[in-house]
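Colleague: With the hints as constraints, model all of the structure from the sequences given.
So the protein sequences, as listed, match chains A and B.
All letters in the first sequence, in the order written, are residues 1 to 152 by my numbering.
All letters in the second sequence, in the order written, are residues 153 to 329 by my numbering.
Hint data in this document are derived by calculation from the structure and do not stem from the laboratory.
Bear in mind that the values here come from a model prediction, so they are computed numbers and not experimental data.
If a hint is listed, it holds; no wrong ones were tucked in.
So the derived list for chain A, only partly shown, Cβ under 10 Å to chain B, looks like this:
{"id": "1", "residue": "58"}
{"id": "2", "residue": "63"}
{"id": "3", "residue": "84"}
{"id": "4", "residue": "86"}
{"id": "5", "residue": "89"}
{"id": "6", "residue": "90"}
Reference listing, derived: stretches of chain B covered by chain A, where coverage requires no fewer than 3 residues with Cβ under 8 Å from a Cβ of chain A:
{"id": "7", "region": "186-193"}
{"id": "8", "region": "283-297"}
All C-beta atoms, glycine included, are put in the ideal place defined by N, C-alpha and C.
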Amino acid sequence: MSRLLFIIFTVLCMNHLKAAIEVYQFDFSEQEERFHQLSDQLRCPMCLNSNLSGSDAPIAADLRAEIYEQIIDGRTNDEIIDFMTQRYGDFINYRPPLNQGTVLLWFGPLVLLLVGLLIVWRMAISNQAVDQARSLTAEEQKKLEKILTGKK
Amino acid sequence: MNQRMKLFIPGVFFILMLGLLLFGLGRNPNQVPSALVDRPLPQFNLPDLNQDMGSMSSSDLQGSISIINFWATWCPPCHIEHPYLVEISERESDVRFIGVNYKDDLAEARLFLKEKGSPFEQVIIDLDGSLGIDFGVAGAPETFIVDSFGTIRYRHVGIINHQIWADTFEPIIARLK
Numbered sequence: 001m002s003r004l005l006f007i008i009f010t011v012l013c014m015n016h017l018k019a020a021i022e023v024y025q026f027d028f029s030e031q032e033e034r035f036h037q038l039s040d041q042l043r044c045p046m047c048l049n050s051n052l053s054g055s056d057a058p059i060a061a062d063l064r065a066e067i068y069e070q071i072i073d074g075r076t077n078d079e080i081i082d083f084m085t086q087r088y089g090d091f092i093n094y095r096p097p098l099n100q101g102t103v104l105l106w107f108g109p110l111v112l113l114l115v116g117l118l119i120v121w122r123m124a125i126s127n128q129a130v131d132q133a134r135s136l137t138a139e140e141q142k143k144l145e146k147i148l149t150g151k152k
Numbered sequence: 153m154n155q156r157m158k159l160f161i162p163g164v165f166f167i168l169m170l171g172l173l174l175f176g177l178g179r180n181p182n183q184v185p186s187a188l189v190d191r192p193l194p195q196f197n198l199p200d201l202n203q204d205m206g207s208m209s210s211s212d213l214q215g216s217i218s219i220i221n222f223w224a225t226w227c228p229p230c231h232i233e234h235p236y237l238v239e240i241s242e243r244e245s246d247v248r249f250i251g252v253n254y255k256d257d258l259a260e261a262r263l264f265l266k267e268k269g270s271p272f273e274q275v276i277i278d279l280d281g282s283l284g285i286d287f288g289v290a291g292a293p294e295t296f297i298v299d300s301f302g303t304i305r306y307r308h309v310g311i312i313n314h315q316i317w318a319d320t321f322e323p324i325i326a327r328l329k
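Modeller: See the structure below:
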């Protein structure tokens, strides 16, 4: 059983290794890090739900090669992301920039959270007010005690 | 506000969100907006597939409306699209049809056009796909409408047939004329 599991696990791992098989030579490990960072952050324009490093699509391979060449040419990350965005739009960036079109995406959840907190806070306040309004006057209190102790 | 009316707020909010999500679902997720629409053509100067024709540069495309079609013989949808393009290009005499042979085997591409006829006035060669990257192409076939000033007006992903031509391309071309 454990042997079978081992085989299945190995096969699954191999499947994962299928993507991104090109070998790129970098002069500095810093360049290699940037290469991986960029190909993780940029989206494959063909397969939509995968980044460049995880995609088998030919265009993803071309764009990885483009990133490699630009890194070797000494371009900065921002320049490379600019290059890609000019051609493929904000869509290609898994970390969309903050602009008019994406402001809802960035701050929408925060606004919803604040609205939710505000509602909860106001409900708590009004419940408290209701509780206070319901507290008995001294006369009512006496009456209540009488009833509870059973005296008339 | 009336206390009773406040009870409707969550419901209204829910319906708004539902509407937004339904709207999102109705959109085709493969239809990615092109970053190049309303921007000038990328600069290029590339050799023609027909060796006698020399080369073509982006400035050659000014002066008339052009259709730029990225195709390759390795791409099955391009084979489906080809006969439609041949027919459409015969009909539309005042639009220039320019082919970009995208990362293809050149001998096969020449044979393909010889056997099946060419819809293109000129075919340029993008051997390594770098013109494709400049156009924001994700794969073949993709087709662009370029106006007479050399500005990209529309990007179409996937094949073109008579229906798509009539519904999408014709209105845009009519507007540009």
